[in-house]
Amino acid sequence: MNNVKKTVLLGLFVSQALILSLIESWISIPTPVPGVKLGLANIITVIAIIFFGFREAVSVVIVRCVLSSIFGGGGWMLFLFSVTGGVLSAVVMSVLFKSGNNKFSITGISIAGAISHNIGQILIAALLMKDLAVAVVLPVLLISGCIMGFFVGLVSSFLENALRKTKIFE
Amino acid sequence: MLKKDDLIIFGFVIILIAASFIGVSLYKSSGANTNKIAVIIKDNEEIKRIDIDAVSEPMEIAVSGDYSNIILVEKGRIRFKDAGCPDRVCVNTGWLTEKGDMAVCLPNRTMIKIEGQSDNVDIVTY
Chain A
1 MNNVKKTVLL
11 GLFVSQALIL
21 SLIESWISIP
31 TPVPGVKLGL
41 ANIITVIAII
51 FFGFREAVSV
61 VIVRCVLSSI
71 FGGGGWMLFL
81 FSVTGGVLSA
91 VVMSVLFKSG
101 NNKFSITGIS
111 IAGAISHNIG
121 QILIAALLMK
131 DLAVAVVLPV
141 LLISGCIMGF
151 FVGLVSSFLE
161 NALRKTKIFE
Chain B
1 MLKKDDLIIF
11 GFVIILIAAS
21 FIGVSLYKSS
31 GANTNKIAVI
41 IKDNEEIKRI
51 DIDAVSEPME
61 IAVSGDYSNI
71 ILVEKGRIRF
81 KDAGCPDRVC
91 VNTGWLTEKG
101 DMAVCLPNRT
111 MIKIEGQSDN
121 VDIVTY
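Protein chains in written order, with this note's numbering: chain A, 1 to 170; chain B, 1 to 126.
Since the hints were made in silico from the structure, they are not lab data. Check before you lean on any hint, since a few could be wrong.
List time: in silico DSS-like cross-link candidates among lysine-lysine, alpha-carbon distance up to 30 Å [claimed, not checked]:
1) A:K6 with A:K98
2) A:K98 with A:K165
3) A:K165 with A:K6
4) A:K167 with A:K6
5) A:K103 with A:K6
6) A:K165 with B:K28
7) B:K81 with A:K130
8) A:K103 with B:K4
9) B:K3 with A:K130
10) A:K165 with B:K4
11) B:K4 with A:K98
12) A:K130 with B:K75
13) B:K48 with B:K75
14) B:K3 with B:K48
15) A:K103 with B:K3
16) A:K130 with A:K5
17) A:K98 with B:K3
18) B:K28 with B:K81
19) B:K3 with B:K28
20) A:K130 with B:K48
21) A:K98 with A:K167
22) B:K28 with B:K75
23) A:K130 with B:K42
24) A:K165 with A:K103
25) A:K167 with B:K3
Modelling step: build the complete structure from the supplied sequences, incorporating the hints.
Take a look at the structure:
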């Protein structure tokens, strides 16, 4: 694949991830703790890892977080919050995808990614607030992360099959 | 859809969930089981400490900063009533009623948490 094509495809990934995070901000999930999200943008991270690799996936995550902070507001705090979760999730999923030699399913990898995302966000929140008390929401976040990660994984594997048929990434 | 080795991931995830549940329940059950003290923290500094069981009339506390927060205190409970930040996670957290409950506004670096009794408490009564 030449560089121009790669740039265009990664740019498309960023815009799709942005749209997905916008859509999921309209959907509120009734839970006992706030901050439970669908993690739809993770679909794009998974696809970027499958078709490109770690560096490209992390770049897409970082650009997405920068743009959504500029458009959505919230300043440095929210940017750090989303970028830490996103990058940790991309790192964990890439490691499992690459070193796992196809041992793990996309669904399993996506669950691990969703949970890393939650843990990363709690860690950065605890660091920024200098208080571990923020971790009281972790049990609920981990369980919701499992459920959302499962569905994100299913969608990603359907999308992977559909994209392979298009031969766009060759 | 799933593979055999996914069990490794699931096992790890179950251990994490169990550990977090144990950790949080230990944290919530620790400390003296007396009056509930709400602590308001802004930029890592404690700005107010209220015995919420001793509050008789509802009151509002405004917290300024990059974004604004309005905190509402009633007898036995406290919450973020309004916030100027875009995500409003703090407001959606709702009422904090039990020891160990916490709500945080990350954009404004404001946090409310409920602790057990300790020294140096301003008992606020109106």
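Evaluation of the provided hints:
1. For the hint pairing A:K6 with A:K98, the CA-to-CA distance comes to about 20 Å; that is within 30 Å, so the pair holds.
2. Only pairs whose Cα atoms come within 30 Å are accepted, and A:K98 paired with A:K165 is accepted, the gap being roughly 22 Å.
3. Restraint check for A:K165 and A:K6: satisfied, since their Cα atoms lie roughly 18 Å apart, inside the 30 Å limit.
4. Restraint check for A:K167 and A:K6: satisfied, since their Cα atoms lie roughly 14 Å apart, inside the 30 Å limit.
5. Proposed proximity of A:K103 and A:K6 is supported: the alpha carbons are some 27 Å apart, at most 30 Å.
6. A distance of roughly 52 Å separates the Cα atoms of A:K165 and B:K28; the hinted pair therefore is violated under the 30 Å criterion.
7. At roughly 23 Å between alpha-carbon atoms, B:K81 and A:K130 fall within 30 Å of each other, so this suggested pair holds.
8. Among the hinted pairs, A:K103 with B:K4 is consistent with the structure: their alpha-carbon atoms are about 8 Å apart, no more than 30 Å.
9. Of the pairs offered as hints, the one joining B:K3 and A:K130 is violated, with about 40 Å between alpha carbons and a cut-off of 30 Å exceeded.
10. About 26 Å separates the Cα atoms of A:K165 and B:K4, which keeps this hinted pair within 30 Å; it holds.
11. Note on B:K4 and A:K98: the hinted pairing holds, with a Cα-Cα distance of about 17 Å set against a maximum of 30 Å.
12. Among the hinted pairs, A:K130 with B:K75 is consistent with the structure: their alpha-carbon atoms are about 28 Å apart, no more than 30 Å.
13. The suggested pairing of B:K48 with B:K75 holds, with an alpha-carbon distance near 16 Å, which does not exceed 30 Å.
14. For the hint pairing B:K3 with B:K48, the CA-to-CA distance comes to about 53 Å; that exceeds 30 Å, so the pair is violated.
15. Restraint check for A:K103 and B:K3: the C-alpha separation of about 7 Å stays at or below 30 Å, so the hint holds.
16. Restraint check: the Cα-Cα separation between A:K130 and A:K5 comes to about 44 Å, which exceeds 30 Å; the hinted pair is violated.
17. For the proposed pair A:K98 and B:K3, the alpha carbon gap of about 16 Å is at most 30 Å, so the pair holds.
18. Among the hinted pairs, B:K28 with B:K81 is consistent with the structure: their alpha-carbon atoms are about 24 Å apart, no more than 30 Å.
19. Taking the CA atoms of B:K3 and B:K28, the gap is about 38 Å. The hint is violated against a cut of 30 Å.
20. The straight-line distance between the Cα atoms of A:K130 and B:K48 is roughly 17 Å, inside the 30 Å bound, and the hint therefore holds.
21. With a C-alpha separation of about 22 Å, the suggested pair A:K98 and A:K167 falls inside the 30 Å cut-off, and the hint holds.
22. This hinted pair checks out: B:K28 and B:K75 have alpha carbons roughly 20 Å apart, not beyond 30 Å.
23. Distance restraint check for A:K130 and B:K42: the Cα-Cα separation of roughly 11 Å lies within the 30 Å cut-off, and the hinted pair is therefore satisfied.
24. Only pairs whose Cα atoms come within 30 Å are accepted, and A:K165 paired with A:K103 is accepted, the gap being roughly 23 Å.
25. The hinted pair formed by A:K167 and B:K3 meets the criterion: a straight-line CA distance of about 26 Å does not exceed 30 Å.
The structure is inconsistent with the numbered hints 6, 9, 14, 16 and 19, although it conforms to all the rest.
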